Every structure is written in C-alpha cells, then in structure tokens.
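Visitor: Protein chains in written order, with the working numbering: chain A, 1 to 603; chain B, 1001 to 1173.
Incorrect hints may appear among the rest.
Straight line, CA to CA, 27 Å or less: simulated DSSO-like cross-link-like pairs of lysine-lysine [what the hints assert, rightly or not]:
1. K522(A) - K1026(B)
2. K1008(B) - K331(A)
3. K539(A) - K593(A)
4. K1117(B) - K522(A)
5. K280(A) - K1117(B)
6. K480(A) - K466(A)
7. K563(A) - K587(A)
8. K1140(B) - K282(A)
9. K544(A) - K359(A)
10. K248(A) - K1008(B)
11. K528(A) - K1026(B)
12. K237(A) - K1026(B)
13. K480(A) - K410(A)
14. K466(A) - K544(A)
15. K563(A) - K410(A)
16. K48(A) - K23(A)
17. K248(A) - K466(A)
18. K1026(B) - K282(A)
19. K23(A) - K1026(B)
20. K1064(B) - K1140(B)
21. K576(A) - K593(A)
22. K23(A) - K544(A)
23. K280(A) - K248(A)
24. K1117(B) - K237(A)
Heads up, incomplete: computed chain B residues facing chain A, CB under 10 Å, no partners named [what the hints assert, rightly or not]:
25. C1009
26. C1084
27. Y1126
28. D1129
29. T1131
30. E1132
31. L1153
Since the hints were made in silico from the structure, they are not lab data.
Since this is a predicted model, take the numbers as computed values, not measurements.
Ideal Cβ positions, reconstructed from N, Cα and C, are used throughout, including at glycine.
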Amino acid sequence: MLHGYGGHILRADLTSGQIRREKSDPQFMLDVIGGRGLNSTRLYQELKRDIDPLSPENMLLIGVGPLTGTLLPASAFMTLSGKSPMTGILGDSAAGGHFGAEIKQAGYDQIVMTGRSPNPCYLLIADDHVEIRDASHLWGLDIWQTTAAIRQDLNDNAIQIAAIGPAGENLVKYATVACNNSRMCGRTGMGCLFGSKHLKAVAVRGRGRLTVADPPGFLELCREMDQRIMVHPEYEKRNALGSTLLMKALNGIGILPTNHFQQGLCEYVDLVSGERLAEKYKVKNKSCYNCNLHCSRYYLTRELEAEGPEFETLCSFTSRIGNDDLEFGLKMNAFLNRMGLDSLSTGETIGWAMECVEKGLLTNDDFDGLDFTWGNCQTVEKLLDMIIRREGIGNVFAEGTRSLAQHFGKGTDEYAFHVKGLDMICGDPRGIKAFGLTYAIASRGGDHLRAEPFFELTERYDEAEKRWGIREIADRLADKGKAVLVEHTERQALLTDCLTMCKNIGLSMDVLDFDIASRLLKAGTGLKFSPENVDQALKGVIIKDRKMNIDFGITSADDTLPKRFTHEPLKEGASKGQVVPVDRMVKEYYEVKGWDKHGVPRD
Amino acid sequence: MITLELAKCSGCSRCEVHCSFFHSGKIGRSGARIKVVKIENIGIDFPVVCQQCQERYCTKCPEKAIEIGSLGQVIVSPTLCTACGTCEIMCPIGAIELYEEIPHVCDLCGGDPRCVKACTLDAIHYEPDVTERVSLKEYKKGSRNLNPEEKRLRYALASAQDLRDHWVAERRR
C-alpha cells in the first residue's frame, strides 16, 4: 500500500468529457517524488513540444507532494504546470493555501487536464466522484465571486476551489489561478491556460484520510521540522510581517527596485514597508494548511479588506512603479487577486511604460493618452481595466513586456526586464549575485524561486567554508563560488517543490535538507527513499526541464540578464557600483553541472 | 472545555491535523473532532469544537450510547451506538458528526488535548475546570435541517461578529 501519497492520478479530457483514474505507480513516484518533479516528468513524457500553448493539445497539470496533507508542516502547496502561454517554454507556478491538502485527502497526487471544453466548465472532484460541470453562469465573475458561487451551488463552505478571473477568461498572458481567494499561482500564465481550455475552476472536496508508513517515526520527524521553524532566529519577524519584511531589508542592502530598477534605494520606503502595513492595516495572521509560521496577513483599509500582500506584489505596486501610497498598493493587491492578474508581470509592463516615457522613447500618445508619469495611480487603475478586457492599448499590454517592446520597437526592448519572456521579480540582482545567476538560468524564466540562493545573504562564512569550501559564497557581492551555490540550492528548491513545500520555510529559512527530507519521505511513504536516490531524482528532473526547454527553442543565449543589470552599476546605497558578470557566472554554472558550453546536458 | 481566542486564529488547521492523527493515526479533516471553518471573504477562521453546552443536546440519544465523562467530555459507547445520526442532528453547531459510521466528537484526549498543543498561536486553550458554561439555545432554532458543515458556518459567522466589529472600529474609525 502506498502511504503518504493520494494514490491516484486523475485524467480529464475536457474536449470529450472523458475521465479516467489511474493508480499512482510506486516505482515511478520513487523516481520523480511528486509535485513539480511529477509534473515536469509528465510533461517531458507526454507533451507535444511544437504546439501553440493555447491549443487544446497543451496539458494542464496539478501536482501535489507526497507528504502534503499529512503532518509535515509548511507543505501545503500545489503546482500547476504546462507549456507557458506567457513564455512558450516550460511553465509552472505554485500556491499555498488549503487546496493541495484537499486534493490529497480526495485521493490524488496529480490531475492531468487536456483538450478544450466546448462550453465554460469547472471540474468537480469529490473523492471518487468526478464530473465536468457547466460554468456558463460563472463566466465573467471574478475569483472571489466564483469561489463563493461554487460553494453556494454545492452548499458546502469547506470545498476548496482554484479559479480564474476575467483576466484568465480573456487570455491575458500572465493571468493567474487562485485558491482560497488570495493564494496565487501567479507566474507563467497558468490562468491563461485555464481560460484557453474554457476551464473556470477546479473544485475539490476530500473526505478521506491519509496514512503514513511509520506513524511514530514520522511524527518524531515532523516535530523536528516544527521545532526547526519555531526556533529559527527570524521566526518572530517572519510571523509578524511575512515576506513584506523584504521592503526594508532589500532597501537596506540597496537592491529594492525603485522607479523600474533605476535605483536600489527608495527614499519613501517607510511609507510602504511591511512594518507600516502591519501597524496600520493588518488585523490578524493568516496561514496555509498545517503551517506553524502563519506568515500571511489579513488587512482592512478604509475601503476594502483582503489577505496579503506578499512582498512581490507590494513592491510591484509601490517602489517599482514610483508610488508612495501604501493604501493604493493594498487596493491593487485585492483587485489583482479578484481579477486574476500576476502582480509581477503587470507591474513590469507599467514600470517599462513609465521608463520609456521618461526616457522619451515613447509618449503618452502611444498609450491611448494615458499619462505614464511615475506613480500615477489613476493611470494604473485605468490600464488594468483595459488589460483585463483587452481593450485598446490594454490588448498589447495583455501580451506581456517582451511583446510590448517588440510591438513598439524604438529600442524599448532595452527596458523590458524579462528573462526568457518571464518578467523579472523584485530584487535587483546587482547586489545579490547568486540571485542574478538564478534569474539567468531558471527553467521558467526570470525568477528567483528555481534556486533562491538565500545563503549568500546570511554572511555565514564559516558555514560556507564547511559546506562548500568557498567562503565567498556567504558574501552577496562576490560572484566566486555562486555557480556552486546555485547548483546546490537549485536541487534544494526542486526538492522543496517536489514536496510542494513552502520556499520561504524550506529554503530561505534553510529548514529542509536532503537528509531529513529523505527520512521524512521514507517514514511517510514507506518507499525506499534515501539521500542518494532523492538527489538522483532531482538531478534527473532538472535535466528533463532543460531538455524540454531546448526543444522549445531555448539556447545558451537566453541564459542571461537584461543589459541594465550587467552593464549599469548601481549608483548609490549598499550595493553601489555593482553589476552582475553574468556570462562568466553562467559559464561556470554549466561547468559545475557538467553541461557543454552551449548549456546542453551531455547525457 | 476547549476555549478559543478567535482574534489569534490564522486558520492553519494544525488543530485538525493533530486531532485526526492522535485519534486515528491518519490525517484528514473528516477524522478531526475540531474543524476550522474558513470564511475567506471576511477573514475569519473559526475552529468549531464541542462546547460542553448546558443543554447537552447530543445526549438525547435513542440508544443511550452517549454519556458525559468526568472532564465534562462527551463519551460515545461503540457497542451501544447504531450510527443512527440523532446526535449529529441534535447538535446545533455541528460539533458532532458521523464519519465512517462513528460519531466524531471532542473527547479532550483524556485531559491533554492535542489541538491545544498543536496551536502555535495560543488561540486554543484548555480550561479543565470549566464545563457547561455555554448555552447553545440560540443556535438550536432552525438547525434541524442543516448539515454539520452548514451549522458550523452559521455558528462561526454569528460568533465572529464581535471580532469583526472590533476590526472595523480599529481600522476604520
């Protein structure tokens, strides 16, 4: 008997309506673990590479980790995967909340959706009962309304729902999928993929219970994980502020994106900081399933209330676009969550437009007369409406920054800050070199979560010496040894994703290592996991991802950063004078990986 | 009895997880005797658990399978119980519910409630000397045709009103 795992793979062909349940194969699971590893392997084996991401042939996967929904803390995530409508390469995005655990308790490890429904639909999973239901009455509703409506229809407040909003319906390329109203699968346009399949939502109710192979042993290991989190030196701060602590932290080291990465210092940071948010607006902590950090927050402003925001949204709608009005940022968080738009990609399109206007490359007339002065909140609100409805200039913005720059030309691509078509996150890589390398090589494009080499920010020099024999790894400004760090944390990040665990906890707080992970996996599932075969599984998945991306047309030329970060030194602050020597770092990374000089795996 | 400091609850469900695991060695909301009601659009997370109410509605068991223990906890006799569901229907707040033909209700884990231990926010307390303090009369009316999930939601909504008022006063004055 397979413990820990849900035990089944669910396949739904939305074109024909055919539904199939397969048993999860223990040997296969041992090779891929679960979550993102399971999803990537499925795509590698079954996805036709040369398809249009919006065609019915594209696959839409939901994968959940083998220990999610059990006693293991902070492992509540689920991962959506498919060929990204945003980038045309491997796409995936994860979110926490309570959806992942529910899928497991319903008895599934993965949901595989293909085809395109003739009419708007949603997939209802209630344990063994699975049906594709009409969603015509839900089409056009926002995410919060959709969630409420499905719960009301089914007369069950405890049903877990992952849904898209109007942005996903209208195929905005960076549309999101949300569960629990505010838990976003934000990146790579998985909401657009939902929309292309006429899939409004997936609703799950799991009335089953999960077993573990060695209950006392597993309980002991989970207590240790609980303890590692509780005694962490950053516990109090992370509990109070969540990721919004990064506003002041990044500003302190001079890498807080301000006016579209023109500066790494924001003079009004105290007005838009996580601390101010907590003091003026937060009313309580919120949490994902079975987490003891409780890092999310619920807030009330004078006009609205919502959960969040996380750092990336807060920064994207304050300093990154030159806005010092925190309440506006909070309003946008709620609005984007309702409509289903990725805050990072949306924020990048706005920042790009503002900088292009400032530099005189484009004028407001190019943008239907919208005034793209830094921090113009009215413009932002009008533009978002146009993006969601794909109206006027919003139709071009809805394609993402890379396409916008191609559309306008005139050298505006120099200010389109994306890697492989995915807009960069809020963290200026010039002052965090391993992160710079991560953005460049990440298999889904410009973001940090593929490796999150947080260790370089810790100044734990002796520990760096002990772990890798390279002291400079603990120095964020050094590039030496960072390829080694990133190669390591890339596996650690994937391990976290295979367990669909939280990266803030697993990786940034350095709570998950290969040893405890393999012991947890063994005690939880009963399969013969060891540090060695776990590592082998992870290396295998990283190679599959790379090979898939090569099939999608990625070459070593795409493993790079926008010019600003490699050629324009930061002008002030604690990272003054820094750029990322990305070519050298990528070359070293290939060498550490054992890939050839074109970044192609040898086996 | 188990008492709640609602303002502190983040909705993590650790109480559910550890309750279910302690009682069955398995993990799932259905196996838990404390269930967190999440009302996302108003930010409320509300663990519903037996209140050891003054009325003791569940003891109107036709098989006399339910008695009250020395800690004030509800004890279901597995030999007398026929899974008729009367207790589930009688409870006005959905704190007792049949799952796999067994009434699931808080038994205080013999005096060492695991939900209290599992909560890292100090939102759930165990007050051993307090029992039959709460009256659930006001929730009894109209509860008969509701399923346990609906009853829990109704109870949570009503009980959370004070906290909601407090938030509004604090943030919107």
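Visitor: All hints, please: hold or fail.
Guide: Outcome of the hint check:
About 17 Å separates the Cα atoms of K522(A) and K1026(B), which keeps this hinted pair within 27 Å; it holds. Of the pairs offered as hints, the one joining K1008(B) and K331(A) holds, with about 24 Å between alpha carbons and a cut-off of 27 Å not exceeded. Among the hinted pairs, K539(A) with K593(A) is consistent with the structure: their alpha-carbon atoms are about 10 Å apart, no more than 27 Å. Taking the CA atoms of K1117(B) and K522(A), the gap is about 26 Å. The hint holds against a cut of 27 Å.
Only pairs whose Cα atoms come within 27 Å are accepted, and K280(A) paired with K1117(B) is rejected, the gap being roughly 31 Å. Between the alpha carbons of K480(A) and K466(A) the distance comes to roughly 16 Å, so the proposed pair stays at or under 27 Å and holds. Proposed proximity of K563(A) and K587(A) is supported: the alpha carbons are some 17 Å apart, at most 27 Å. Using a Cα cut-off of 27 Å, the hinted pair K1140(B) and K282(A) is violated, with the two alpha carbons roughly 35 Å apart.
About 42 Å separates the Cα atoms of K544(A) and K359(A), which puts this hinted pair outside 27 Å; it is violated. About 26 Å separates the Cα atoms of K248(A) and K1008(B), which keeps this hinted pair within 27 Å; it holds. For the given pair, K528(A) sits about 21 Å from K1026(B) by alpha-carbon distance, which is consistent with the 27 Å threshold. A distance of roughly 33 Å separates the Cα atoms of K237(A) and K1026(B); the hinted pair therefore is violated under the 27 Å criterion.
A distance of roughly 37 Å separates the Cα atoms of K480(A) and K410(A); the hinted pair therefore is violated under the 27 Å criterion. A C-alpha spacing of about 31 Å is found between K466(A) and K544(A), which places the hinted pair above 27 Å, so the restraint is violated. Note on K563(A) and K410(A): the hinted pairing holds, with a Cα-Cα distance of about 16 Å set against a maximum of 27 Å. The straight-line distance between the Cα atoms of K48(A) and K23(A) is roughly 24 Å, inside the 27 Å bound, and the hint therefore holds.
Restraint check for K248(A) and K466(A): not satisfied, since their Cα atoms lie roughly 30 Å apart, outside the 27 Å limit. Only pairs whose Cα atoms come within 27 Å are accepted, and K1026(B) paired with K282(A) is rejected, the gap being roughly 35 Å. Pair hint K23(A) plus K1026(B) holds up; C-alpha atoms about 20 Å apart against a cutoff of 27 Å. The straight-line distance between the Cα atoms of K1064(B) and K1140(B) is roughly 21 Å, inside the 27 Å bound, and the hint therefore holds.
The suggested pairing of K576(A) with K593(A) is violated, with an alpha-carbon distance near 31 Å, which exceeds 27 Å. Only pairs whose Cα atoms come within 27 Å are accepted, and K23(A) paired with K544(A) is accepted, the gap being roughly 23 Å. In summary, the hint linking K280(A) to K248(A) is supported, as the alpha carbons are separated by about 16 Å, within the 27 Å threshold. Distance restraint check for K1117(B) and K237(A): the Cα-Cα separation of roughly 22 Å lies within the 27 Å cut-off, and the hinted pair is therefore satisfied.
Hint on C1009(B) holds. Least Cβ distance to chain A is approximately 8 Å, under the 10 Å limit. The interface hint given for C1084(B) is broken, as the beta carbon of that residue sits about 20 Å from the closest beta carbon of chain A, more than 10 Å. The beta carbon of Y1126(B) comes no nearer than 19 Å to any beta carbon in chain A, farther than 10 Å, and the hint placing it at the interface is violated. The criterion of a C-beta within 10 Å of any C-beta in chain A is not met by D1129(B), whose closest approach is roughly 29 Å, and the hint is violated.
Given the 10 Å rule on beta carbons, the hint for T1131(B) is violated: about 28 Å separates it from the nearest Cβ of chain A. Below 10 Å, beta-carbon pairs count as interface contacts, and E1132(B) has none with chain A, the closest being about 29 Å; its hint is therefore violated. The interface hint given for L1153(B) is met, as the beta carbon of that residue sits about 5 Å from the closest beta carbon of chain A, less than 10 Å.
The structure fails to meet hints 5, 8, 9, 12, 13, 14, 17, 18, 21, 26, 27, 28, 29, 30 from the earlier list, while all remaining hints are met.
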